[in-house]
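Participant: Residue-level listing of the chains:
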Amino acid sequence: MPFETLVLACLAYVALMFAVAYAADRAAARGRVRCLDHPLVYTLSLSVYCSAWTFYGAVGYASRSGLEFLTIYLGPTIVFCGAWWGLRRLVRVARMHHVTSVADLVSARFGKSNRLAALVTLIAVIAATPYVALQLQSVRLSFEVFATDPRGMGGSDALGGTALWVAAGLAVFTILFGTRNLAADERHHGVVTAIALEAVVKLAAFIALGVFVIWGLADGPSDMLDRISRASLDPRVAEGWLLRPDRWTALIVISGAAILTLPRMFQVLVVEAADEERLHVAGWAFPAYLFAMSLFVLPIAVMGRELMPADANPDLYVLTLPAAAGQDMLALLVFLGGFSAATSMVVVCAIAVATMVSNHWLVPAWLALRRIPASEEMDDLRGFVLNARRLAILAVVAAGWVYHQASGGAAALAAMGLVAFSGMAQVLPAMVGGLLWRGANRKGAYAGIGAGFVLWMGLVFLPSVGVGGDMTVLPGMDPWTAAVALSLSVNTLAFVGVSIFGFPDPVERFQGLSFVSAIEPLRHSRARSADDRAEPLLAMARRIWGPDAALRFFQAEARAQGKSGYLPDLTPDFLTGLERRLAGSIGAATAHAMIDRVAGGVALTVSDLLQVADEAQRAKEETQRLEAARAELARTARQLHQANDKLTALSVQKDAFLGQISHELRTPMTSVRAFSEILMDADLQDADRQRFAGIIHQEAGRLTRLLDDLLDLSVLESGRAQLTISVVNLHDVITRAVTAASATRPERGFLIDRDLPSEHLGLITDADRLLQVLINVISNARKYCDADHPVMTIRVKRPQGGGAVIDVIDNGSGIDSGRQSLIFEKFARLNDPARAGGAGLGLAICREIMLNLGGDIAYLPGQGGAAFRIVLPQRPPVGSGSD
Amino acid sequence: MQDILMIEDEVNIAEAVRFILSREGWQVALHADGAGALEAIRHHRPRLLILDLMLPNRSGTEVLADLRADPDAELAATPVLMLTARGQVDDAAAQADHVLSKPFDNADLRAIVRGMLG
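So the sequences go chain by chain: A and B.
Sequential numbering of the first sequence, starting at 20, is according to this note's numbering.
Sequential numbering of the second sequence, starting at 25, is according to this note's numbering.
Please keep in mind that the hints were generated in silico from the structure rather than gathered at the bench.
Just so it is clear, the structure is predicted and the values come from calculations on it, not from any experiment.
The reader is advised that the hints may include incorrect statements.
Unchecked claim - Reference listing, derived: stretches of chain A covered by chain B, where coverage requires no fewer than 3 residues with Cβ under 8 Å from a Cβ of chain B:
(1) 668-682
(2) 689-697
(3) 708-721
Claimed, not checked - Some chain A residues well away from chain B (every beta-carbon gap over 12 Å; in silico):
(4) R108
(5) S251
(6) M476
Glycine included, every Cβ here is placed at the ideal spot set by N, Cα and C.
Build the full structure now, drawing on both the sequences and the hints.
Facilitator: Here you go:
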């Protein structure tokens, strides 16, 4: 089969796994976990036990040692069939304590000791590394079987690359689906579902191969049995086929232990279990799965020995048999089955070991460096735990790959598996003892696990990597059996002995009670003897509830205990009650953490910290929401305040306006009234009478103009002004304005400087209104220009967007900068009113007109004299009051 | 020494007041600007000052304050009749001896001035 086809098949298969895991995670995120939580999915995920070692190695094992391979199936089967009630208890206790790994379980049982967890983690890491390497090697070996003709693939170099690519891919998969969230229960629906699917592939491939071997290669079951009988008499293997009770016992014990203690098994068996009820199904279904996986091992092994050349690797019979028979598709299926076995093991193992490494090595170290897990740092903690886990996954897979490269893949598959099994088995005595025996304590656990670890390192692990070499430990036994027997015995003895002679501290006693009875644990099991710790607890409670309420609670508790005063004994009842009441105020995990810290007791577990982090996060969000609401209120208040200020300012403006109008009306009225009274006197000369009547007429005209201006301004300001829009030649309007304005102070000889050609611009506007503005501006110049030889310059420009810009500039002294902004205000007459003759509304009206026309008028500073710029659009804006 | 000095920017009002008061036999001098008002007062040393509240450049209130603060005690004590076109009389005008609102009754004006000049 071409190498490329194989790679493509692998890639397609991996893509399928990604898709399944992703879909399952999505479904779980949407809360649809019911089908994912099916007991069969759980059972199938347990098949991660059948790693590549079981898939490939069992056949090799059988061909080397006959029925001995069965022991690695028998151990788990016995555990599941015989001790399912024990498993239930394990799952129940673990879930109750939010246990995240086997190390966490042991540490939780023995006083939440993180050092113990760190030790277990160490064993797990050491044991897992060659085991992961073994999976990578199996993938590589299976590739080699097919790639007999690498055809430009670079031979074994390319195959070495295979292991790297597989490792990298697995690391990516594991990081993606193993560290998506940090829920306290540490479940991974995506991974578990993908593993369950792989379990089906594994089983299907193996059974298909078995069927092919029995009915395709041999002539049915009876022929097969004959061949097996003949093979067992083969002198080459007779030695290996002997049933050795000591070795069998050791293997069954170790594999039974492995189903409980291997990190990946603990992960799927305990951590990923939603509840203990699924063990009902798994109790029979998992042994059945193992039976199906083991059924065809011996036939395949026997046929392999018969048909394959003597130098063929028995570990690869499952592949070479169908391949040699030309069954390419079957071989491919088997290859994928093996691939499944290897990948699922690496993924789950990496998740489990990485959880341990991050929870028991990296996070405690980080917390120690950061001193106190103050609540502000909880955000950091979340991120840190996730990153630590990702890093640990990468490290676990990378270590496996390095080990694989370094070892050269020489060791038989089964041997590497047994090393891992026997290593993790060292945790078993403490674990089982902790569950069953109240007297077990931390010192005992240290002693047992420590001793077992040292012996395993010296007798099993180091020899397996070529350090020290085989040692004869016990006469008459093979080295591995002897090493296992010795290490486990010493382990158990140390554990029991030290536990009996050592006295557990109170925390442990309560944890022990909780584990052994597996009842609702005294979760807050702190029996602390020191009475003087009640004081800081009271201080803390006072800060949360207020002094009186706290004192009342403490006094009542003390009285209930029969004590006088206000400091009760720190009994578990009191602490639990206090924590419950505090939880109502500050959240359960925070209360737990605070009581722990103040009462000076137990180190927090990572899941405790995560809960604190969750609550801190929630509190922070709540605070932010409140803060936002407060800011909103403040903003509204500010707006109201501004509106009020505006109204006040408007009111002041209105008063000022009315005052000014009053002044402007009263002034002409005064002259009219005074002179009319004078006129009523009889004795006046005709000349005076004439003059006074003229003054009255003049002042009456002024009053009329004022009223007209006010009316005009009011209409313009309200936007109700009627504009008469037409096409206008700007030149005509300017000419009319200059002519009309010449009536103002006609005695002054004004030089008007115009640039006539540029004035011929067509605009659409209200000619009369524009004229009004221009007359006003030009008249103002005539009135106020103080030059000896007054000159007025009128310039018209056409801006790019159309319309017109008209500048009217005189050569007087202009308006000083402080008052330029005032001139467009109402009644802003700047100088002698006698000279102005108006009420000071002219420019205010001009501005309103220009705004109505869609343009503007502004004072143009820095032109020498007074200068105004009138800006006009090509046409007035829609809805500007035109008809 | 003049009888009366009137500081008023509205020429028609100034003309009316002068006509009314001169027919009573008083001499009325005129000044039309807040600027230079104090100098005019010092120059004319009137027995009565008629002061408009709204003046260009320097308001009647300011002119009055300047006058009352003048080191020449006799000048500072000049009786002042304040004219105002504002509806109400503000506090600043309280320094005046009399306040008369515009428009006013000619008879009122005559009576007040007569009273003030004794």
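Participant: Could you run down the list of hints and mark each one as holding or not?
Facilitator: How the hints compare with the structure:
1. 668-682: Result for this restraint: holds, n = 3.
2. 689-697: Check passed, 8 qualifying residues.
3. 708-721: holds (count 3)
4. R108: Since the minimum Cβ distance to chain B is about 95 Å, A/R108 lies beyond 12 Å and the statement holds.
5. S251: 128 Å, holds
6. M476: 103 Å, holds
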